[in-house]
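First to last, the protein sequences are chains A and B. Just so we're aligned: 63 in this note's numbering is position 63 of the first sequence, and the numbers increase by one with no gaps anywhere. Just so we're aligned: 251 in this note's numbering is position 251 of the second sequence, and the numbers increase by one with no gaps anywhere.
These are computed hints drawn from the structure, not numbers from a lab. Be a bit skeptical, because a hint or two may be false.
[Unchecked claim] Simulated DEER-style distance windows between Cβ atoms:
hint: 1; chain 1: B; residue 1: Val193; chain 2: A; residue 2: Ala31; range: 28 to 34 angstroms
hint: 2; chain 1: A; residue 1: Arg55; chain 2: B; residue 2: Lys239; range: 33 to 39 angstroms
hint: 3; chain 1: A; residue 1: Ala31; chain 2: B; residue 2: Gly55; range: 32 to 38 angstroms
hint: 4; chain 1: B; residue 1: Leu206; chain 2: A; residue 2: Ala4; range: 19 to 25 angstroms
hint: 5; chain 1: B; residue 1: Ile201; chain 2: A; residue 2: Thr29; range: 41 to 47 angstroms
hint: 6; chain 1: B; residue 1: Leu195; chain 2: A; residue 2: Arg49; range: 24 to 30 angstroms
hint: 7; chain 1: B; residue 1: Ile201; chain 2: A; residue 2: Ala31; range: 42 to 48 angstroms
hint: 8; chain 1: A; residue 1: Thr16; chain 2: B; residue 2: Tyr42; range: 17 to 23 angstroms
hint: 9; chain 1: B; residue 1: Arg89; chain 2: A; residue 2: Leu5; range: 50 to 56 angstroms
hint: 10; chain 1: B; residue 1: Arg194; chain 2: A; residue 2: Gln50; range: 24 to 30 angstroms
hint: 11; chain 1: B; residue 1: Arg89; chain 2: A; residue 2: Ala4; range: 52 to 58 angstroms
hint: 12; chain 1: A; residue 1: Ala45; chain 2: B; residue 2: Leu12; range: 26 to 32 angstroms
hint: 13; chain 1: A; residue 1: Thr29; chain 2: B; residue 2: Arg194; range: 29 to 35 angstroms
[What the hints assert, rightly or not] A few chain B residues facing chain A, derived, Cβ under 8 angstroms:
hint: 14; residue: Gly43
hint: 15; residue: Ile63
hint: 16; residue: Ala106
hint: 17; residue: Pro121
hint: 18; residue: Trp123
hint: 19; residue: Gly124
hint: 20; residue: Lys217
hint: 21; residue: Tyr219
hint: 22; residue: Ile233
hint: 23; residue: Val234
hint: 24; residue: Lys239
hint: 25; residue: Val242
Don't be surprised by glycine CBs; every beta carbon is placed ideally from N, CA and C.
Residues per chain, in single letters:
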Amino acid sequence: MTAALAMGQYGFYVWTSLAVFFLVLLIDTLAPLARRRRNLRDLRARLARQENRRRPGTAPRNESHP
Amino acid sequence: MANWVPLWLHRLSSPPVFYRFAGAVRPWALGLALLLGGVALYGGLFIAPADYQQGDAYRIIFIHVPSAWMSLFIYGVMAVAAFIGLVWRIKLAETVAMESAPVGAAFTLITLVTGSLWGKPMWGTWWTWDARLTSELVLLFIYLGIVGLYHSFEDRRQGARAASFLVLVGAVNVPIVHFSVNWWNTLHQGSTVRLLGPSHIDASMLWPLLTMMAATKLYYVASLFARVRADFIVAESGKGWVRDLALNTPGNDAA
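Please model the entire structure based on the sequences and the hints provided.
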């Protein structure tokens with residue numbers, strides 16, 4: 001098992017390649033998911049501000065819940 | 001009789017329909033990509049025998065080559081989408097083109113870095129200004145240029161149109177990358193896997209390579225769909241369906 005993981009004398013190069021592959025794709029996977037959540041949150045805040053301007057006095061409906 | 005295909009495509013190009021479709025497909029594509037990727041890596045790193053010349057260092061091929069294929073494949077998809085977006089002004093096509101660029105850039109970066117990690121032990125250098133390496137680096141810069149140009153406009157659709165022109169101009173580089181190993185005398189080895197004729201590789205090494213190719217393609221679908229969904233929230237923020245989505249999913253942002 002250790003021999004297989006050592007990859008001859010090339011362990012460093014093979015495992016670093018694998019790490020780069022996973023790291024780059026992990027960032028690429030998580031970034032759009034976070035962006036969608038942020039976009040929805042921003043839109044919700046904007047809609048709440050509009051609602052508040054239209055009907056002042058009413059509690060902002062969709063502001064982030066405390 | 002088979003006109004349900006264009007009808008279905010037409011319906012799918014509507015942002016709210018595509019948003020739901022992409023949300024349903026994405027987890028399956030990503031799950032299958034992880035499964036196939038795991039099988040391919042196990043086959044490539046542990047089952048396939050070592051190369052008679054390169055020893056175990058050649059195993060980088062199972063990451064490097066599928067990534068390199070994707071760097072060109074995604075450019076092809078992006079160019080077709082950009083063309084459709086420019087000619088017919090279909091919003092989905094513009095979005096697909098623009099959101100493909102970061103994924104393409106990610107695979108190009110992986111190709112360059114893993115190629116470097118392969119080159120050091122085999123060629124004795126991290127980098128050389130060889131035709132294949134240089135044209136792949138240019139490909140990365142084109143991808144980054146497209147992303148940069150798209151985001152430099154205040155108006156998103158104007159930005160998408162300008163960047164789509166850059167996509168079509170930059171497409172010249174794709175055949176240069178592909179044929180560079182034939183056209184010039186390069187340090188980079190020629191194609192191992194060929195569509196026409198026999199591949200210069202043993203079956204025990206070929207199947208993990210092709211499985212990884214399928215995995216990266218599915219990964220691209222998953223990543224692209226997540227990106228298009230994120231983009232539509234902003235692009236369609238004035239529309240009722242996005243407002244409903246924002247207001248009806250407080251807190252957890254599900255669906």
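Consistency of the hints with the structure:
Here the CB-CB span from Val193 of chain B to Ala31 of chain A is close to 31 angstroms, well matched to the stated 28 to 34 angstroms. Remark: the range hint 33 to 39 angstroms for Arg55 of chain A to Lys239 of chain B is contradicted by a beta-carbon distance near 22 angstroms. In this structure, Ala31 of chain A and Gly55 of chain B meet the distance hint of 32 to 38 angstroms, their C-beta atoms being roughly 36 angstroms apart. A C-beta distance of roughly 21 angstroms is found between Leu206 of chain B and Ala4 of chain A, which places it inside the suggested range of 19 to 25 angstroms.
Against the hinted window of 41 to 47 angstroms, the Cβ-Cβ separation of Ile201 of chain B and Thr29 of chain A comes to about 30 angstroms, which falls outside the hint. For the hinted restraint 24 to 30 angstroms between Leu195 of chain B and Arg49 of chain A, the CB-CB distance of approximately 56 angstroms leaves it violated. At roughly 34 angstroms, the beta-carbon separation of Ile201 of chain B and Ala31 of chain A lies outside the given 42 to 48 angstroms, and the hint is violated. For Thr16 of chain A paired with Tyr42 of chain B, a C-beta distance near 19 angstroms keeps the hint of 17 to 23 angstroms intact.
At roughly 54 angstroms, the beta carbons of Arg89 of chain B and Leu5 of chain A sit within the given window of 50 to 56 angstroms. A hinted range of 24 to 30 angstroms is violated for the C-beta pair Arg194 of chain B and Gln50 of chain A, which are about 59 angstroms apart. Remark: the range hint 52 to 58 angstroms for Arg89 of chain B to Ala4 of chain A is upheld by a beta-carbon distance near 54 angstroms. About 31 angstroms separates the C-beta atoms of Ala45 of chain A and Leu12 of chain B, a value consistent with the hinted range of 26 to 32 angstroms.
Checked against the hint of 29 to 35 angstroms, the C-beta distance between Thr29 of chain A and Arg194 of chain B comes to roughly 32 angstroms, which is consistent with it. With a least beta-carbon distance of about 13 angstroms to chain A, the hint placing Gly43 of chain B at the interface is violated under the 8 angstroms criterion. Given the 8 angstroms rule on beta carbons, the hint for Ile63 of chain B holds: about 5 angstroms separates it from the nearest Cβ of chain A. The restraint placing Ala106 of chain B at the interface with chain A holds, with a minimum CB-CB distance near 5 angstroms, inside the 8 angstroms limit.
A hinted interface residue such as Pro121 of chain B counts as satisfied when its beta carbon comes closer than 8 angstroms to some beta carbon of chain A; here the least separation is about 5 angstroms, so the hint holds. Violation of the interface hint for Trp123 of chain B is found here, the shortest Cβ-Cβ separation to chain A being roughly 12 angstroms, above the 8 angstroms cut-off. Interface restraint check for Gly124 of chain B: the shortest CB-CB distance to chain A comes to about 13 angstroms, outside 8 angstroms, so the restraint is violated. Using the Cβ-Cβ criterion of 8 angstroms, the hint placing Lys217 of chain B at the interface with chain A is not satisfied: the shortest such distance is roughly 13 angstroms.
For Tyr219 of chain B, the suggested interface contact is upheld, since its CB lies about 7 angstroms from the closest CB of chain A, less than 8 angstroms. This hint holds: Ile233 of chain B has a C-beta 4 angstroms from the nearest C-beta of chain A, less than the 8 angstroms allowed. Interface restraint check for Val234 of chain B: the shortest CB-CB distance to chain A comes to about 5 angstroms, inside 8 angstroms, so the restraint holds. At about 11 angstroms, the closest approach between the beta carbon of Lys239 of chain B and any beta carbon in chain A exceeds 8 angstroms, and the interface hint on this residue is violated.
Restraint check, Val242 of chain B versus chain A: the minimum CB separation of about 7 angstroms is within 8 angstroms; hint holds.
Going down the numbered hints, you'll see the structure goes against 2, 5, 6, 7, 10, 14, 18, 19, 20, 24, while the others check out.
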